[in-house]
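Chains as they are written, first to last, in the UniProt record's numbering: chain A, 1 to 315; chain B, 1 to 315; chain C, 1 to 315; chain D, 1 to 315.
Do not rely on the hints blindly, as some may be mistaken.
Put simply, identical chains are the same to the list, so a pair is met inside one copy or across any two.
Unchecked claim - Straight-line distance between alpha carbons at most 30 Å, and here's what the computed BS3-like set of lysine-lysine pairs gives:
(1) Lys53 with Lys236
(2) Lys193 with Lys231
(3) Lys25 with Lys231
(4) Lys231 with Lys59
(5) Lys241 with Lys71
(6) Lys3 with Lys84
Hints in this document: simulated from the structure, not taken from any laboratory.
There are 4 protein chains.
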Amino acid sequence: MQKIAVLTSGGDSPGMNAALYGIIKEAEQKNITVVGCLDGFIGIIKENFIELKEKELSKYINIGGTLLGSKRFPDFSKLDIQTKAHSILTQHGIEGLIVIGGDGSYHGALALANLHFPVIAIPGTIDNDIPLTDLTLGFHTAIENAVDAIDKISTSAYSHGHIFGVEVMGREAGDIAIWSGFATNADAIIAKKSDWDLFNVIQNIENSFEAGKRTQMYILAEGAISAEEFKRQVEKHSSFKVRTLMLGHIQRGGTPSVTDRILGIKFGQQSVRSLINGAQGKCLSVNNNTIEELDISQVLKADKGKPFIPYGLDY
Amino acid sequence: MQKIAVLTSGGDSPGMNAALYGIIKEAEQKNITVVGCLDGFIGIIKENFIELKEKELSKYINIGGTLLGSKRFPDFSKLDIQTKAHSILTQHGIEGLIVIGGDGSYHGALALANLHFPVIAIPGTIDNDIPLTDLTLGFHTAIENAVDAIDKISTSAYSHGHIFGVEVMGREAGDIAIWSGFATNADAIIAKKSDWDLFNVIQNIENSFEAGKRTQMYILAEGAISAEEFKRQVEKHSSFKVRTLMLGHIQRGGTPSVTDRILGIKFGQQSVRSLINGAQGKCLSVNNNTIEELDISQVLKADKGKPFIPYGLDY
Amino acid sequence: MQKIAVLTSGGDSPGMNAALYGIIKEAEQKNITVVGCLDGFIGIIKENFIELKEKELSKYINIGGTLLGSKRFPDFSKLDIQTKAHSILTQHGIEGLIVIGGDGSYHGALALANLHFPVIAIPGTIDNDIPLTDLTLGFHTAIENAVDAIDKISTSAYSHGHIFGVEVMGREAGDIAIWSGFATNADAIIAKKSDWDLFNVIQNIENSFEAGKRTQMYILAEGAISAEEFKRQVEKHSSFKVRTLMLGHIQRGGTPSVTDRILGIKFGQQSVRSLINGAQGKCLSVNNNTIEELDISQVLKADKGKPFIPYGLDY
Amino acid sequence: MQKIAVLTSGGDSPGMNAALYGIIKEAEQKNITVVGCLDGFIGIIKENFIELKEKELSKYINIGGTLLGSKRFPDFSKLDIQTKAHSILTQHGIEGLIVIGGDGSYHGALALANLHFPVIAIPGTIDNDIPLTDLTLGFHTAIENAVDAIDKISTSAYSHGHIFGVEVMGREAGDIAIWSGFATNADAIIAKKSDWDLFNVIQNIENSFEAGKRTQMYILAEGAISAEEFKRQVEKHSSFKVRTLMLGHIQRGGTPSVTDRILGIKFGQQSVRSLINGAQGKCLSVNNNTIEELDISQVLKADKGKPFIPYGLDY
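Given only the sequences and the hints, what does the whole structure look like? Please build it.
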């Protein structure tokens, strides 16, 4: 193997640059050239390739986002575009592709694998919504960011005796809500749609205030209920006033946590080794602190199931 | 003088606890007892007083929010309530009152002063919208918080080539927008209503993308245009897609900056000295690094005028 | 069970307050009263007990250090002191004791267990040097703190082209060095005594500078080599100038990370359940994301063995 | 004016990159080319020039250190080297030089000015030890860094009841000690040599412990007394045990504060305007929130005098 490519796709996540570094580091040791495709799969079609060097990459380990960029490219679901990508990669002498991203990116990676191009995927998303892995790259930083923001809101909520509904990311997965809500001792966590029970919430607020609690903090997973809807319903059916905040892109930015830096580098290194060993249509996962190789098709068919619950949390 | 009271009112701001500490520290040196009125002016009417001690307060210097709480109390605009507050304060042997808050709080303070009760006010608000002072307590922390959040969003915006409209606080004052926009090298700052020019913004975005810029960041003062409205208008009159974020209460929380800790302690100490020296209907301000005493009535009549522009900024 | 006690002992670690919160929360649900022994084992002998309440504790979850204090008390190795502690606990109606601390604290806990007093220990130390557990409480925050500091030093080191030797904590365990060195892409990590090879380091520096690298960062575990000794030896045997920094107590302070808050609360809750279930001379550990109960005696006899290596790191 | 040069010299300080950005931004508007001299004055002699572009520089505004590097070059005190620098600058068509650094750098800048080369200096040092300016670039970030570290140490100090001596930077100036000590409510600040009074410190510790204070924090300016010496003397003449920490390079690293970003950009912009206006042997300063031009020779002759005391602090 002499030349491989890497791309980042879907929503950016902290640690993607560390993963790029891990890839280059491992590849340079094996005398493999690495090119980055700019802005995701579209970079292949546009032949936007840049050569990556360890020396330059090393200073991006602690920088959030992705150096390679990531843009939407819905056309990549079409077979002719996929076939074109395959032939462009081959023309450029690229012998393998590493795709870093979420489940949309996994579909793109699988499509190329189905055309017999060697591909391996790294789970890169803050949402922790990829099945069969304890952690996705960026999740740890996202919960640190969320908790930092909730801590900040909390001093203000306490000062005024506010009721707060804070909406966090995570798409259909409630992992960010669960971790950040537990770590901030939230009054309740609405992690999935079935957790939402308006009557229960209003009762909870009433009981809390009666018990002398000054303030109330509800952590809402975006896939369960929006902050706006939470406010609308509680205010409509009670006399309580609700403040809201959507943490939004703050969660995905900033310096990657130690965990995401290390996980990124390790995922990156392993992905190169896997390609060398002939991995085809595979993706990496981490379970019980061990990095493993799975079939992308298996992961895409699997159910995300219960959120990853740290240390057997009660949720 | 043997006993004074202090209250925090209006939106909480980082550094209020440091101000409380400064008050207690100075008062204890002068053998003056300090009581805190819980939740603002309403604490007087409810006779919710707690005695404050330096030893306990000292560990709150680096904690945001206000230990004393702050709740809305629109009834304090009524003369009979004001008169009642006056007599309650007198009955409790309280000889002076320190009010920490924004312009609403200044009106309450002035009302008591007009009833001949010794009052001094400290400008405590993140908005920096009190006239005749360079800085209000909490503003410095708010801009650090805003910049930290905008930095986080920026790595993600860069990854995707997004256009972002970020709404910051500051009510009618654009100071938070100006400082945070300048420090993050924003593409434009809409600090006051007259800064808003839809055509200009769209032109600016077009020019930027043509010039090869990848991403666009617009900082919007809440008093100028909301993020939602910004998005609605830009998307309606162009083909650009806009992402938005309201920083909200994140700006007012968290550990006070060094500047706000020192400013808070100094304001607190000076307010006690001013009361001892017979200040009546006065408020503190800081200009050219010097703390001064002004008439509350003068400040309430003054125009906030131009934002406080650091180091002769061009805005 | 109606009344239990808790103490923190040894070096403080971030997350101890979260553990206290978890204990109180679980105990209040079971109608068990919790008292804290101030300053560790000495608090038993001095009968310095304070009753702990969930409501008060909840605001300390995100505060570092330990509310209960922790002071050295070497006399607790004496049997008569241990016997006295046992009878004091019994006199106060205390039916079980939770000890949060490192291996020194484990010895104290075991001594009481050997006198047939129900005891359970929680591994609370930043050093991650307790055998048979993947993580100790506080370790995660310590590495975040260390990495934050090394990041700060790095920009300065780069500016000047400095060679830095940074000494981190961890006693005989090199875990902090390994995690923080890997996450900051250090030039080398001296995690244990046998890693130290002066000639190799000097060679490495020479090679690096020859290859055009501008700066050099060496992470030194305190149990392997001190920063001072590192500097002394390198400067004696080469012409290089070395800068040093001991991160010291910065590592153990500050807001606990999300991981340590959750781990602390979970350890706390489980310790109460274990006592109720009759645990005697047990301690908690976390392995593969699961909290388990082990015998203290087994842990004290075990070898710490290899550092806990995240994701199969190569070190 | 068509081409100017810029260099950073002496210890790096956060905000230097923001100043570089301000320079480029202003220069590009005036169609002036800017080259950076690598590693300070030595970059001139080695003819190590790189052209700087606004687009690249803009992403370094929030990064600490200096992109241009800064290395010691004592030989620049020699007239023949200065003359050589002058002729190299002229040969390269460079018509003016901006020097960012501390007082050593000011001497270098003055030397070139004395040879009739247009030079302007920007006060860039964390120490705040340049006379006739309220603030130097980097000082604000340094005190935020110092306070963050002292806050972290404080929770641990409180847990154990430790006495801490924390050494901060600032060379002969005590400004970092004063601001960080005041903001953390230190038990005492030893800001200059004459503040040191061993007997007084020991008395202070005794009184504090008698009054029931749990812990003691002493902030020591490096120019007044080292942490090591503080410990040695207190421990020799009393029975107290002292812990120490040198904050070291942590103070100069990290993301620049809002103040330093804005101050840096403004200093940078103004320096270009000053060169265009014919400034010769000048330096910038900020007083009462206004940026001014002074003679370097005047500043070098002036006395630093009293530390810059925020808001009329009592120290």
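To see whether the hints hold, each was checked on the structure:
{"no.": "1", "hint": "Lys53 with Lys236", "result": "neither (58 Å within a copy, 35 Å between copies)"}
{"no.": "2", "hint": "Lys193 with Lys231", "result": "both (16 Å within a copy, 28 Å between copies)"}
{"no.": "3", "hint": "Lys25 with Lys231", "result": "between (49 Å within a copy, 29 Å between copies)"}
{"no.": "4", "hint": "Lys231 with Lys59", "result": "between (43 Å within a copy, 25 Å between copies)"}
{"no.": "5", "hint": "Lys241 with Lys71", "result": "between (39 Å within a copy, 13 Å between copies)"}
{"no.": "6", "hint": "Lys3 with Lys84", "result": "within (19 Å within a copy, 48 Å between copies)"}
The earlier numbered hint that this structure contradicts is number 1, and it is the only one.
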